[in-house]
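**Student:** So the sequences go chain by chain: G and Y. According to my numbering, the stretch in the first sequence is residues 31 to 486, in order. According to my numbering, the stretch in the second sequence is residues 31 to 486, in order.
Treat the hints with care, as some may be off.
To be verified - Simulated DEER-style distance windows between Cβ atoms:
no. : chain 1 : residue 1 : chain 2 : residue 2 : range
1   : Y       : Gln293    : G       : Asn215    : 33 to 43 Å
2   : G       : Gly328    : Y       : Thr283    : 46 to 56 Å
3   : G       : Gly328    : Y       : Ala39     : 54 to 64 Å
4   : G       : Asp405    : Y       : Ala39     : 49 to 59 Å
5   : G       : Asn215    : Y       : His41     : 20 to 30 Å
6   : G       : Asn42     : Y       : Arg327    : 49 to 59 Å
7   : G       : Gly350    : Y       : Glu347    : 38 to 48 Å
8   : G       : Gly61     : Y       : Asp217    : 12 to 22 Å
9   : G       : Gln333    : Y       : Asp292    : 31 to 41 Å
10  : G       : His425    : Y       : Ala39     : 44 to 54 Å
11  : G       : Ala462    : Y       : Lys86     : 50 to 60 Å
12  : G       : Asn215    : Y       : Ser440    : 17 to 27 Å
13  : Y       : Thr283    : G       : Glu335    : 38 to 48 Å
To be verified - Some chain Y residues well away from chain G (every beta-carbon gap over 12 Å; in silico):
no. : residue
14  : Lys86
15  : Thr107
16  : Phe202
17  : Arg234
18  : Leu346
19  : Arg376
20  : Arg422
21  : Phe427
22  : Lys447
Calculated directly from the structure, the hints in this document are not laboratory data. Since we're looking at a predicted model, the values are computed, not measured. By construction, the Cβ of each residue, glycine as well, lies at the ideal position given by its N, Cα and C atoms.
There are 2 protein chains.
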Amino acid sequence: MARNTQVAADHNAPPVTRILAEYVANHPSRGWSDAVDHEAHRTFLNWLGCAVGAAKHEAVEAALAAVQVLQPAAQATVLGRSEKVDIASAALLNGISSHTFDFDDTHLKTIIHPAGPVASALLALAEHTGASGREVIDALVLGIDVACRLGNTVYPEHYDRGWHITGTTGMFGAAAGCARLLRLNADQTAMALGIAASQPIGLREQFGTMTKPFHPGAAARAGLMAALMAKHGYTASPKAIEAPRGWAQVVSTKYAWNEVTDQLGERFEISFNSYKPFACGIVIHPSIDACVQLRERGVLPEQVERIELRVHSLVLELTGKKEPADGLQAKFSVYHGCAAGLVFGRAAEEEFADEIVSRPDVVALRRKVVATVDDSIDEASADVTAILVDGRKEHIFVEHAIGSMQKPMSDTDLERKFHGLSDGVLGAARTAALLSACWKLGEAANVAELAAAARQ
Amino acid sequence: MARNTQVAADHNAPPVTRILAEYVANHPSRGWSDAVDHEAHRTFLNWLGCAVGAAKHEAVEAALAAVQVLQPAAQATVLGRSEKVDIASAALLNGISSHTFDFDDTHLKTIIHPAGPVASALLALAEHTGASGREVIDALVLGIDVACRLGNTVYPEHYDRGWHITGTTGMFGAAAGCARLLRLNADQTAMALGIAASQPIGLREQFGTMTKPFHPGAAARAGLMAALMAKHGYTASPKAIEAPRGWAQVVSTKYAWNEVTDQLGERFEISFNSYKPFACGIVIHPSIDACVQLRERGVLPEQVERIELRVHSLVLELTGKKEPADGLQAKFSVYHGCAAGLVFGRAAEEEFADEIVSRPDVVALRRKVVATVDDSIDEASADVTAILVDGRKEHIFVEHAIGSMQKPMSDTDLERKFHGLSDGVLGAARTAALLSACWKLGEAANVAELAAAARQ
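Please take these sequences and the hints and turn them into a complete structure.
**Tutor:** See the structure below:
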């Protein structure tokens, strides 16, 4: 899996985001000539005339019909809360919350987190339409297949270029799943995929901010709305994915079309989905797993002189934050991950709380972690040596971390993780009932009941 | 302005959009193994737990606060119609309708249509908040400045790669304008720009479909929501535009940062905005103008043996459809544009009606147009020679078309165009009142009155 991830880049750009923000916030009202002000009126007037003139065009009719499906309150559940919002906003919010802890699932071939965009769109829509659990499961398998196959098509070049692949393929998965749920025919489904193609969402630069989980949420919303628009007759290019100026060729220089077509309908990408035992970026997991194992061997934090970590360059590129300022940044710090593994023997959401990240013993231990790049080590592996103060060395090589395809979490592991997340929000009894409803989802007559059970 | 627009491309991709659409629409329910179906339940369960667990996270609180501003009914005007919808949907719909006829404005340096994304977001938000006309004009100038300066930064490489630059810079313009209207400070405005940076919208492959006007609409909605989220504390990278994996470097290999900073606050890009006299792509305008001039010289369609057109390669690349099937496709046909100019002496929306595009005399004339690429001719010019059946030749070289910076439409021209668009929707009297309100927008106490005047 090792590969060159270096892309030519300008690291010395001026702070133009800041420059523009100050300009927009602070430039005086009417701080320009009369000619500029008149041009603004001409621009506004001309825009208004064009909009009024096209008000009855079929494109406007189709888009209006789609947004009118969004109704005020009480349309769809915001998971774990008491509020209900319109279905597009529910797709957005649940996509955000499911990825906020960086604790969700991973299609390891592409580092896509497929459920966020796809399931968030599906549950919001299904709750509103009263779809059955079987319809939701079918749409989930197919939607994830579409997103991950398109991810396979452009990965890794697309990701290396700087796109957050979860949101730049997720809108296809959400559109496909919602098209299926709405029972669109193939022509309409092609239009839904086409409308989605224009909306790749997500830059890796956002990692460590709230905009990272925004990506799957916005992709869920975009795909849901694309399917609704297609249902009402909105059109797009029928070659929007593959054309020379379609999605794949615009966002990537690699496009392996066979990844779409090979064994379609026989091999399902959801089979390659994995679930995180640790609440952080997947590339840190082997290192945490190794430190948990060191702890199980009896190594205590206070015995440690130094931890020598050898990992693939991608690990440090993605998660090389040496001094994370808070919990969100700590998710991108292999140093904190190692410290948490050794101190607590786990790295769930609690171990990424701000208080933990700044706790003196944790800070002291993470500063003892010395990471070295070794591209002969797979990015899914880690080589860890603890040098103890008494001179002893403990060495652990983790080829495949817990949660990987080779060492998957069991159903019981998943239930334990679910309780850890949900008990504090819904209580243990309701969490147990919700778990049971999830396992039986394929048989549910109406998925709205499960959604209601996930409301606070 | 002449330049190489060739980008390496695969023109022989399989029809994967269609393949995936048929798969999603037609694959049988539960058409996979029990293991796959169980994995779907594990995927759903794991996703649900993550979402419930993060339900009270500050990211979810901020995003929820933003979407709760959307109150579906009666919030903002859909221009030229009787319906009102939530402000995000109004931004989307008015962005779509304003670009549907391809008749709006053009920042000629970048081929950005700046009002669609920016004004659509601003009017929807301002109508809801009760902002003054002065605030809207200020936000319009600044928002367009941000979008077009960022366009200058990456144009032409970004556009040549296949992005529809109106929607891939428009979300910045909408975010900046709405941030200004919401009186966000510089820190919050930087976050709004940062959230917007993850959402470039639009592929040139969509030209000729409803998804082209979707791009400015979706950019308007994305920018509006980005500003609302920033107002409620949602975070993004403060270097989202300029970082090595920020917007500019991900979507382009050209990033001329000085285009952002040079004369910022002194030179305003709205000064370089232009308005279309013809309801189609700007690159056809010189050819239409030439044919209108031929008609004014007395050349009649039935006298024409052949029309020899020499234009820059970009003209045929963008608008080379020889046999447009309907009005929408005809907007991308320089052949139809020439025929309309010569037959009608104009090319407003009516001349792109489906009936006109298929009228035998128009079809016959467009088939007599022979276009030749000549990259020594600027893309803003056209060289047209009519060869008449009697052997005479009439030659016209249009250096700058009507509507260009060098030959701008007058205020009276703009009013005539506005009446042509609006009279059939709102009636001539209300249209005249609306025009008057537009010219006085800078003095309006509450822009909601103007919005109401644009409702059917």
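**Student:** Measuring from beta carbon to beta carbon, are Asn215/G and Ser440/Y in 17 to 27 Å?
**Tutor:** Given about 50 Å between the Cβ atoms, the range is violated.
**Student:** How does the Cβ-Cβ distance of Gln293/Y and Asn215/G compare with 33 to 43 Å: does it lie in that range?
**Tutor:** Between Gln293/Y and Asn215/G, where Cβ atoms are some 54 Å apart, the hint is violated.
**Student:** Beyond 12 Å from every Cβ of chain G: is that where the Cβ of Lys86/Y lies?
**Tutor:** Label violated. Min Cβ-Cβ 7 Å, cutoff 12 Å.
**Student:** Is the claim that Arg376/Y lies outside the interface with chain G correct, judged by CB distances over 12 Å?
**Tutor:** holds (15 Å)
**Student:** Beyond 12 Å on every Cβ pair: is that true for Leu346/Y relative to chain G?
**Tutor:** holds (15 Å)
**Student:** Within 38 to 48 Å: is that where the Cβ-Cβ distance between Gly350/G and Glu347/Y falls?
**Tutor:** Given range 38 to 48 Å: holds, Cβ gap about 43 Å.
**Student:** Confirm or reject: Phe202/Y is not an interface residue toward chain G, with every Cβ-Cβ distance exceeding 12 Å.
**Tutor:** violated (8 Å)
**Student:** Report holds if the minimum CB distance from Thr107/Y to chain G is greater than 12 Å, and violated otherwise.
**Tutor:** It is violated; Thr107/Y is separated from chain G by about 10 Å at its closest Cβ, not greater than 12 Å.
**Student:** At the C-beta level, are Ala462/G and Lys86/Y separated by a distance inside 50 to 60 Å?
**Tutor:** violated (21 Å)
**Student:** Can we confirm that no CB of chain G comes within 12 Å of the CB of Arg234/Y?
**Tutor:** violated (5 Å)
**Student:** Given the range 31 to 41 Å, decide if the beta-carbon distance of Gln333/G to Asp292/Y lies inside it.
**Tutor:** violated (59 Å)
**Student:** Is the distance from the Cβ of His425/G to the Cβ of Ala39/Y consistent with 44 to 54 Å?
**Tutor:** holds (50 Å)
Taken one by one, the earlier hints fail for this structure at numbers 1, 4, 9, 11, 12, 14, 15, 16, 17 and 22, listed in ascending order.
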